[in-house]
Amino acid sequence: MGHLRTLLVAAAWTPALLFANAGIMSPGFTGAPVDGGRQCAACHTGSPPVNQGPGRILVRANAYTPGVRQTITVEVTDPNALRWGFQLTARMARDLTSKGGSFAPSDSLHIVCANGSLAPCGGEAVEFAGHTVQSSTGGQGGSRSWAVQWTPPGRDAGPVVFYAAGISGNNDGRDSGDRVYTATAQVSAAECNLSETPQIRTLLPGVVNAGSFEGGIAPNGMFTVFGNGFASTQTQYAAVLGDLVNGVLQPDLACVAVRVGTELARPFYVQSDQINAQAPLLETLGNLAVQVVLNPGTPNERSSAPVGVTATAAKPGFFTFNGRSIAALNGSRNNAILAEPSVIRGGVTARPGEVVILYGTGFGLTDPVYQPGEFARGLAPLREAPVITIGGVTLSPAQILYAGLSPDAPGFYQFNLVVPPATPDGDIPVTIRMGSANTQGGATIPVRR
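Going by our numbering, the residue at position 336 of the sequence shown is 336; the numbering climbs one at a time, nothing skipped.
Nothing false has been slipped in among the hints.
Pairwise CB distance ranges (calculated):
id, residue 1, residue 2, range
1, ASN246, PRO79, 49 to 55 Å
2, ASN80, GLU124, 36 to 42 Å
3, ASN246, VAL34, 22 to 28 Å
4, SER303, LEU244, 21 to 27 Å
Calculated directly from the structure, the hints in this document are not laboratory data. Backbone N, C-alpha and C fix where the C-beta goes; we use that ideal spot for every residue, glycine too.
Working from the sequences, and respecting the hints, build out all of it.
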């Protein structure tokens with residue numbers, strides 16, 4: 001995790017007609033009752049009634065393996081049509097307002113968010129997949145199909161319902177005379193059946209602080225496991241709110257778990273060669289065995305060979321944008337990204353006396369203590385007072401406005417600090433010491449008067 005949630009920006013909504021605009025189609029025209037039942041006839045006025053005609057739209061999808069991408073086929077058929085289009089959305093059957101996974105754009109597909117902007121839509125925003133103008137294949141009769149890459153929820157969240165609307169057009173350049181068809185399909189979760197052989201790397205530290213990438217872990221801190229065979233090469237799954245249970249990250253994601261000693265971590269990102277997770281509370285410190293477990297809780301569990309890691313009360317590390325510039329905000333400038341513009345577009349520097357907010361992990365237990373997977377719901381300062389220096393100057397308690405958990409994610413820490421008045425211009429080193437453990441060397445913030 002090398003960036004902050006605050007890097008996400010909103011995009012403007014640009015309405016578009018189904019065939020007429022080469023840009024973005026309007027979202028919410030799949031026939032889904034939860035979206036008001038709108039479908040393509042809302043724009044293609046003068047058309048025959050919906051689902052009246054010799055054609056149809058079909059959605060073909062298999063039972064989903066949590067977090068594992070699959071190809072859905074959407075096919076529109078009509079013997080009289082010469083041009084084609086469709087829109088598709090995936091929703092959770094338990095709550096049809098909730099997204100049921102995400103779609104991947106391609107040369108033949110637009111993915112549009114509920115607000116009309118192009119994907120990525122953000123963790124919880126529902127998505128709509130649809131044709132591009134180029135893939136509407138004017139002049140070809142009979143049928144048209146699209147391959148849609150769909151990544152389902154990262155856990156067994158129950159059935160997913162697909163709603164789809166399709167157009168079989170006469171290609172006369174007008175909206176009238178085209179036929180509109182709608183369909184639904186529902187799939188359930190299959191048992192986890194990953195076939196990979198997980199291996200944690202050993203030539204370099206395979207279990208590291210998720211911010212500094214230095215070996216070692218701390219209670220409730222974020223850590224990263226490097227290796228191979230953790231998932232298919234197509235899998236890149238980050239947890240979303242729909243993967244939580246009662247607001248808490250669970251011990252499995254995308255059919256993957258991580259065992260630390262005798263306890264399970266809380267994974268929040270999985271790909272074939274990397275897992276990001278939050279460590280357990282770690283009642284026992286010292287040398288612990290770490291294993292990656294595929295298909296956890298099934299007869300087909302596949303575990304990696306154990307790899308040792310040192311667990312200490314604190315293993316502090318900063319997240320960085322580029323390996324040096326600390327992931328941070330300038331709290332005195334409306335929480336703008338604190339970085340040189342050459343590092344992060346739109347970034348700002350800090351002046352002496354301004355408040356900066358730095359992010360990291362592995363700083364140890366807080367008061368109150370949150371259980372693994374829980375988001376902080378209020379202030380949770382560190383139990384042990386940190387020693388913080390900016391540019392070699394040790395901050396006074398009055399210059400440390402807050403040091404503890406951030407509400408953005410479990411195991412995510414923030415430090416609200418006042419830049420000392422005599423700090424010179426430049427990339428200024430920052431260190432935080434917890435007991436005898438320090439954050440990584442070379443981590444800096446940009447200061448410019």
